[in-house]
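Number of protein chains: 4
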Amino acid sequence: MYHQTLEEKVLRDPIHEYIHVDLQLIWDLINSREVQRLRRIHQLGVSMMVYHTAEHSRFSHSLGVYEITRRMIDEVSGLKDQLTDFEQVALLCAALLHDVGHGPFSHAFENVSHVHHELLSIQLITQPSHIHSILMEADPRLPEAIAKILSHRYEKPLLSQIISGPIDADRMDYLLRDAYFTGTSYGQFDIERILRTLRIEGERLVVKESGVHAIEDYIMARYHMYWQVYYHPVSRSTEVMISSLFQRMKDCIEQGIETFDSAPFIQAFLSTQKISNDTIMNLDEVSFLSLLMTLQTHHDKILSDLSSRVLHRRLFGYVDFKSNKQKEKLIDNIKKAGYDPHYYFDEDKATQAPYRPYKEDQQSQIWILTQQGLKELSTVSVIVAAIVKGKEKEDIKLYAPKECL
Amino acid sequence: MYHQTLEEKVLRDPIHEYIHVDLQLIWDLINSREVQRLRRIHQLGVSMMVYHTAEHSRFSHSLGVYEITRRMIDEVSGLKDQLTDFEQVALLCAALLHDVGHGPFSHAFENVSHVHHELLSIQLITQPSHIHSILMEADPRLPEAIAKILSHRYEKPLLSQIISGPIDADRMDYLLRDAYFTGTSYGQFDIERILRTLRIEGERLVVKESGVHAIEDYIMARYHMYWQVYYHPVSRSTEVMISSLFQRMKDCIEQGIETFDSAPFIQAFLSTQKISNDTIMNLDEVSFLSLLMTLQTHHDKILSDLSSRVLHRRLFGYVDFKSNKQKEKLIDNIKKAGYDPHYYFDEDKATQAPYRPYKEDQQSQIWILTQQGLKELSTVSVIVAAIVKGKEKEDIKLYAPKECL
Amino acid sequence: MYHQTLEEKVLRDPIHEYIHVDLQLIWDLINSREVQRLRRIHQLGVSMMVYHTAEHSRFSHSLGVYEITRRMIDEVSGLKDQLTDFEQVALLCAALLHDVGHGPFSHAFENVSHVHHELLSIQLITQPSHIHSILMEADPRLPEAIAKILSHRYEKPLLSQIISGPIDADRMDYLLRDAYFTGTSYGQFDIERILRTLRIEGERLVVKESGVHAIEDYIMARYHMYWQVYYHPVSRSTEVMISSLFQRMKDCIEQGIETFDSAPFIQAFLSTQKISNDTIMNLDEVSFLSLLMTLQTHHDKILSDLSSRVLHRRLFGYVDFKSNKQKEKLIDNIKKAGYDPHYYFDEDKATQAPYRPYKEDQQSQIWILTQQGLKELSTVSVIVAAIVKGKEKEDIKLYAPKECL
Amino acid sequence: MYHQTLEEKVLRDPIHEYIHVDLQLIWDLINSREVQRLRRIHQLGVSMMVYHTAEHSRFSHSLGVYEITRRMIDEVSGLKDQLTDFEQVALLCAALLHDVGHGPFSHAFENVSHVHHELLSIQLITQPSHIHSILMEADPRLPEAIAKILSHRYEKPLLSQIISGPIDADRMDYLLRDAYFTGTSYGQFDIERILRTLRIEGERLVVKESGVHAIEDYIMARYHMYWQVYYHPVSRSTEVMISSLFQRMKDCIEQGIETFDSAPFIQAFLSTQKISNDTIMNLDEVSFLSLLMTLQTHHDKILSDLSSRVLHRRLFGYVDFKSNKQKEKLIDNIKKAGYDPHYYFDEDKATQAPYRPYKEDQQSQIWILTQQGLKELSTVSVIVAAIVKGKEKEDIKLYAPKECL
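Protein chains in written order, with my numbering: chain A, 1064 to 1468; chain B, 1064 to 1468; chain C, 1064 to 1468; chain D, 1064 to 1468.
Treat the hints as calculated values from the structure; they're not laboratory data.
Misleading hints may appear alongside valid ones.
Because identical chains cannot be distinguished in the list, a pair is counted as satisfied if it fits within a single copy or across any two copies.
[Stated by the list, open to error] Cross-link-like lysine to aspartate or glutamate pairs, in silico, EDC-like; alpha carbons within 16 Å at most:
1. Lys1072 x Glu1255
2. Lys1271 x Glu1071
3. Lys1456 x Asp1411
4. Lys1388 x Glu1410
5. Lys1271 x Glu1070
6. Lys1385 x Asp1411
Model, not experiment: these values are computed from the prediction.
Please put together the full structure from these sequences, using the hints given.
Written out as C-alpha cells, the structure is:
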C-alpha cells in the first residue's frame, strides 16, 4: 500500500537542508531506473558553458520539487483538508516525476523534433516502465491520476497548480537551486515567508497580503535569472549550435546520408516513429555526448564540425540584431566563408516579462487575499503594476561562427 | 603626516569580511571619542522594536562606509587617477565621519528640533573637538575639505557622490548591513559586481552596461528594505511616540514646567541655543534612555506616560487612513479617553519610489555607460522604466493608543 | 490559562529564521519589563571592543534559547512523551527567562560583588515583579517550577539539562549567535543534525551514534569561540578594567569617599544590602554607562580615570606571563608611573578544555547511543578521546596601562 | 608571450566569488580540449550516490585551485619576491593542470590498472597534446617546469608545496568546494584568515601564530570531510563495485572473453600497453558510462550484472568487520547465493588521521612562525598535540550483495 511508511529517510540538500522521505513508494520511485537516469541530464545543459559550476542534474531538482510539495501539503494552512490521502500521495509522485521524460538539451531537441518532454513524462508514467510498475503495485489508480495532475486535467485544478502554476514548487525549486549552483545571488527570495503566507481560497492557491513583498521579490528573482542565466548569450549560442546539429542529423536521415544505427534514440526522435519507453531510457547526456564524440570524425563535414565545436566549446559568436540589411550582410559573409547558413546562422529572440497577468491567461495570475477579498497581484503591488504596464524586454541576437561577424 | 602608514590593521566584519586600515590617521579617528560615541547609538533605533536583532550601531555602519570607499578608491577603474593623495585621505575621513553628528532616534528628534545631524557632523569636524584636533595635526586643510565633501560643496563633485549619490558607499553599506542584522534577505544585492562595473566618465560615477542587472537588483533591494524594514508600521509607531515625547519636552520647557537641568543636551536641542560640541558628545542613547527612565516618575503625566510606554514597548496602535471623517472620529475617541491628541495622535505618511530620476534632481540619476555613450538608467532598463512610470507607493497610517482605535 | 493560544506570532531571527510563539503566556513574558530590559544589556559586553559588530543583546539570545527549546520539545524523538503539558510550558518559560537576572558586564561585576545573576533570575521569577505576576496569573505553580528547573532542583533532571547541560539550548544558541554577530565562522556547527539525532534514554538527553560527527564539530566550535572570541586578550582587558572600576567603587563606599546616591543599584550591589527587584530593574548598560559618564569628572582620580578609559576605549595593554620576577618588575613600573597596582594591574588566567568528562562531574558528560548501548562520548570518538587525554590550554596574561609594559 | 594580458576575464564561482584570468595563456588552457574534458568527470564520482548534489566536476575544481594559487601569489606576504615571472606563470599553469590526467572514478580504476593519474597529467603536459602545444607556443620551457612542479622535482620546493603540501591550494579548494556542493557545513574553514597569515620562511610556506586557530579549524574540516563524505560507507560501496567491474573487465581481456574493441581506452588501461594522449582524451565519464550501458546486455553475467547495478544504484550492502570468522561466513553465503566472491565481496579499510607530522614525512608538517621562531604545529596547538598523540580512527567494512549479509 502506498501509505506504508518507512523510518523517515533524509537526504542532505543545500537548498532545503534535507529532503524528507517517509513513504516506501516515494523511496522506490527515487531509486527507479527512470528517475536515476535524471542524474545523467544536467538541469542547465547549456548554461554550464557560462556558469561553470551549474553542473547540477534534473535528479536533484526533482527531489527539490518533491520536497517543496511535501512541505506545502504539511504547512500551507488548509491545504491538507482539501486533499484525500490518495491525492496527497499522487501529488507527491507528480512532483517527483514531473520532469521524468526530459532528455538532454531538451529545448534544442524540441526545436527540431517536436516531441515534447511533457508527453514523454506521461508516457513513462502510464505505459509499461519501471516507475509504472512501482506505481501500479502501490495503487493502480495512481498512473492515471498523476498524468492528469501533470497535464492540468485533474478534476481539482489545485493539484496541478502546486506543481505548475504562477507560484509553484517547480519554479521555486529551480530558481533557488539554479542560483545556488551558478553562484549568483539573483535567484534568492524568501521561500519561508511565501510558504507561510500561502492560503487556499476556493480551489485556488493564493497569497495573504502580508506576503506581497516576498512575491515581488520572487518575481524579480525570476526576471533576473532569466536575463542573467537562462538567456545569457553564450548559453543561447550553445543552444543554437545543438539545434543546428539536430537539424543536420535530421536532414542526414531524410537524405539517406546517415542512419545512426548505433544511436537508435536519435532515429526515433528525429523521425515520426513512435518513441518507446526503452528508447527514452537510452536517451541521456551520456548517450548523446557519446554520439557527438563519434561524430567528430564523421565524413559529413557539418556533422563532424558542429560536434567538435560543441564538445570543445568553440562556440558561435553573436551580435545584436540591428537591421535586416545587417542580417543579410552577415548571411553573405557566412556563405563566403564556405558555411551553410542553414546550420551556421541563427536569429534568436529572447523575451521575458517578469509577470504577465493577461486576461486570457488566468493560469499565470497571482491572487492576493486582502481584507477586501481577493485581488489580482498587480492591483495590490505598485511595483508589479508598473512592470505590467511597462514594455517587455526583448533581445534579438544573430549567431554565427566568430570569424564571420 | 596623514600618509604615515601602520602595519595594516584589520577588523572582522560580517558584511565586508574585514575592514582594512593602513593609515594612522584613520586609526586615530576610529578611536576618537566622537566616533566611539557612535557605538552608543543604534543604526536602526526604532526598527529594533520589530526586528529584535537589528541592534547594530552607527559605529559599525561608519566603518562599513569607510571600507566600501576604500575599496572604491582601490578598485574602481580610473578613480584613483582622478584624486590627489590628499583627496584620497580626505575622502576616507569623510566616509568614516559622515554620520558623526547623529544622535539617538535622529529622525524623531529632527521632527521637533530642526537641528539636523548633517550640520552637527560638520560642526564636530570643523570646530574644536577630539576629531578636529586629530585632523588638524595630520593636515590643517583636512577639516574644511571633509566638510565640503560632506555638504556637496567640494570642487570635484565626484568625491561627494561617492559618499552620497545615487549609488554610494553609505547606501550600499546600510542596505547590506541592515539586511544582515535584521535577518531579512531583502537588502541583498551583488556589491562585487557593482564595484567591478563602476567607471568614471567625466566627473561622474557611472555604471557599465554589464552592471545594469546588478543595479536593478540594488534598486529593488532599496525598495524592499524601505517597505519591509524602515517603514514597518511598528517602527513608525515608535518614532511617532518619540516625536511626541520630544514635543512634550519642548512644550514643558516653553511653558516653564520643566528645565531638564540634569540633561543639558535636551535643553540645547529643544531651544534655540547654539549647541556646543560638548553637548553633542553627551547626547547618545545612554543619556537619552537614562533621561527616559527618570521621567517615568515625573509629575507631568504626559512625560511620565510616554517615557514609560517607549521603555516598556507599550506602543501606539495604528489603522490605515481612509477618510477625514474616520480621522476626526479617532481624534474624538482619543479625547474622550482623556488623552491630548497633540501628543497621542499622529498621521504618518510613508512614501518611497524605488528610483526617481526627475529632471530637476540630477543627483539621483544613475548613468549607464553603453556602446552608444551615456544613458540614464531608465532608458536602458525596461524594468526601471516601468517603475519610473508607475505610481509611487504610499501608505498613510493613523497612530493612537490601542484602546482608542 | 497558560495553554491559551494565539494566532501564532513569528519574529524574524537570523539564527533560527523565525522565533515561533503560540502561547499568550510566552508573548506576555517577552513583552514584560524584565525581559524588555535585556534589550539594554549586550550579550558580549566586552567582546564588542574587539568584534565591533557583536552588538547583540541578551534579549535576542533569550528568544533564541526559547526557540531551540520549543523545537526540542517538538522535534526530539520521545521528549514530548516525557513531559506533562505543565512541564512543557514551564520549560519554555525557563528557557526564555534563564538570563533574566543578568546585569551589564556580569562577569566583571560578579568578581567584585559576589551576587550571582542566576540568583537574581530566580528572585525575579519567584518574588513580586512583572514576570512574577504574569506567571502567577497563568498558573501559580509556575514560578516555583521554573526556579527549580533553572537551579537543577526539578524532580526530572531532564528539564534542567535541556536549558543547561552538556548539549543545551543555551549553549547552542549562543555559539551560533555569537558567531553570526562577530562575523566569525568558528561557532558554526550543524544544529539541524544534532536536533535530529538527540534521543531520550532513561532520563537523559543522549545522541545517536550517527550524530557523533556533528557533536565533535560542536565541541570544536565551543573551543574555538572561547579562544577566538570570549578569551580574546582585548576583551579580557576591558573586563579587567571594569572589575577594577567596580572594586574602586566598592572601596570608595567602604571608605566613605562616595555614596553613589544617584545610582542606587550600585550601592546595593556593592554592599551587603538585600537587592530588591526594583533595583535589578534599574540596572542595565544604560544606567551603568550613564554613571560612568558622570564619573569621568569625579574628584576621585581613580574613578574618573578608569571611567574615562572604559568609555573612550583607552584599554590596558598586556603581556604573556613568564615569571614572577617579570610580574614584580611590572608592578614596580606601575607604581613608579604613579598608578595603584590594586586597580591598575591584573593577572588574568584563561583556561578552557573543549570537553572534560571528569568522573566527578557527570553533568558535563555527553552520552552516545550506540548499538552496544550508551557510551560516554570520548569512548566513541577518537578525536574527543585524544582531546580529553591532551593538556588543557591555558593562557596567563598580565594587564596594565600600556606605558608601563 | 605568456605574459601577454587580456582585459581581465572573470568567471562567477560560488566558492571564490570570481575566478580572475588575465593571462591569454591561462585562458587558452582553460579552453583546451584536455581541460574542457574535465567537465565530463565528476569531482566526487562515488559520493554523488550519497550526496545527490555533489555533481560538480574536476573542471570547476581545477579553476578553483588556479584561483587560490593566483591569490597566494598576489596576497601571501613575500611570496611574489621569491618567484621569477616565469615561475609565477608556470605555477599558475601547474595549478590549473594538476588534475588534467584524471579519469572517471580514478581511485577504483587505479586499484586495478596501476596507471596513476599523476603520471597521465605529466604525460599530457610534456608530450604532444592540445595543452602541450599551447604551452610550447607561450614558452618552450613551460612543459618541463610544470611537470617538475607537479612531481615535486622543481628546484625550489616552495612551488610544489603551494599546489600540494600540508596547506595547499588543492586541498583548500576541494574541502570548501565539496562542502558547498554536498551541502554539508563540515568543510568550512576561514580561508581568508589562512591566506592572511601565510608567510614564507626560508623556502617554506609557514603560518603566523595568529593563524593557528584557523589552521586547527582547517584540520578538523579535513577530518570531518573524510569521515562524513569521502569515507561514507555508501560511497565506498560504489567504489568497491566499480573496482570489481574493472577487475572483471581485466580478467575478461586476459581470458579472451572480450576485447572491448569499441572502447579502446579500456584495453589500454587494463593491459600493459602504453597509453597514448588520444586514449586519455577518450576517457571520461561519458565514454565509461556509455560502455556500462552496452555492458548491461553482455553475455558475461558478471559484466552485465555489475554494470546494471552501478547504473541503477543497486549497491552492495555492508557490515562492520568484527572477526575473521564472520568474514568467512559471509564469503560462504556469497558463494551459496551463486556469486563469485572475487567480484562480489570486498573488505575495505578506511583510516585517516586529521594530522600526522611523522618525523619521516616532513612534507606533511605544518610550521608555525612564533616569536620564538619556527615550531611544528603540534608543539603550538594543544588540540593538535592531543590529536597527534591519539589513536587513528579506522573503519573496516565488508561489502557484499545485500541479500548475503
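Going down the list of hints, with the structure as the test:
1. Lys1072 x Glu1255: Answer is between; shortest inter-copy Cα gap is 14 Å, intra-copy 22 Å.
2. Lys1271 x Glu1071: Between copies only: 15 Å across, 32 Å inside.
3. Lys1456 x Asp1411: For lysine 1456 and aspartate 1411, only the intra-copy Cα distance (14 Å) is at most 16 Å; the inter-copy one is 37 Å.
4. Lys1388 x Glu1410: within (13 Å within a copy, 61 Å between copies)
5. Lys1271 x Glu1070: Between. Shortest inter-copy distance 15 Å satisfies the 16 Å Cα cut-off; intra-copy 35 Å does not.
6. Lys1385 x Asp1411: within (13 Å within a copy, 50 Å between copies)
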